[in-house]
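*Asks:* Per the numbering used here, the very first residue in the sequence shown carries number 1; after that it's consecutive.
These are computed hints drawn from the structure, not numbers from a lab.
Note that beta-carbon positions come from the ideal geometry of N, C-alpha and C, so glycine has one too.
Some hints could be false.
Quick list of the computed label-pair ranges, beta carbon to beta carbon [as the list claims (entries may be wrong)]:
1. ILE54 to LYS24: 12 to 22 Å
2. GLU3 to PRO31: 36 to 46 Å
3. GLU3 to ALA40: 21 to 31 Å
4. SER5 to VAL30: 30 to 40 Å
5. GLU3 to LYS37: 31 to 41 Å
6. ASP38 to ARG9: 11 to 21 Å
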Amino acid sequence: MTESSLLIRPFQTEDEDALVALWKMCELTVPWNNPHKDIARKLQVQPELFLVGIL
């Protein structure tokens, strides 16, 4: 068994495509909401609270 460290950091624009792909794999997207627009809206309000986890 290997141990992985989880790094939590603020979202960066270069994370967007990977994040949307993850959401799609987890079936967290819906046809009537564009996930890229969801990210853009979140970045307009408290962007420092938009965090990602990196393994």
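*Asks:* Would you mind marking each hint as holding or not holding in the structure?
*Replies:* Evaluation of the provided hints:
| no. | hint | in the structure |
| --- | --- | --- |
| 1 | ILE54 to LYS24: 12 to 22 Å | holds (19 Å) |
| 2 | GLU3 to PRO31: 36 to 46 Å | holds (39 Å) |
| 3 | GLU3 to ALA40: 21 to 31 Å | violated (36 Å) |
| 4 | SER5 to VAL30: 30 to 40 Å | holds (33 Å) |
| 5 | GLU3 to LYS37: 31 to 41 Å | holds (37 Å) |
| 6 | ASP38 to ARG9: 11 to 21 Å | holds (19 Å) |
In summary, the one numbered hint that this structure violates is 3.
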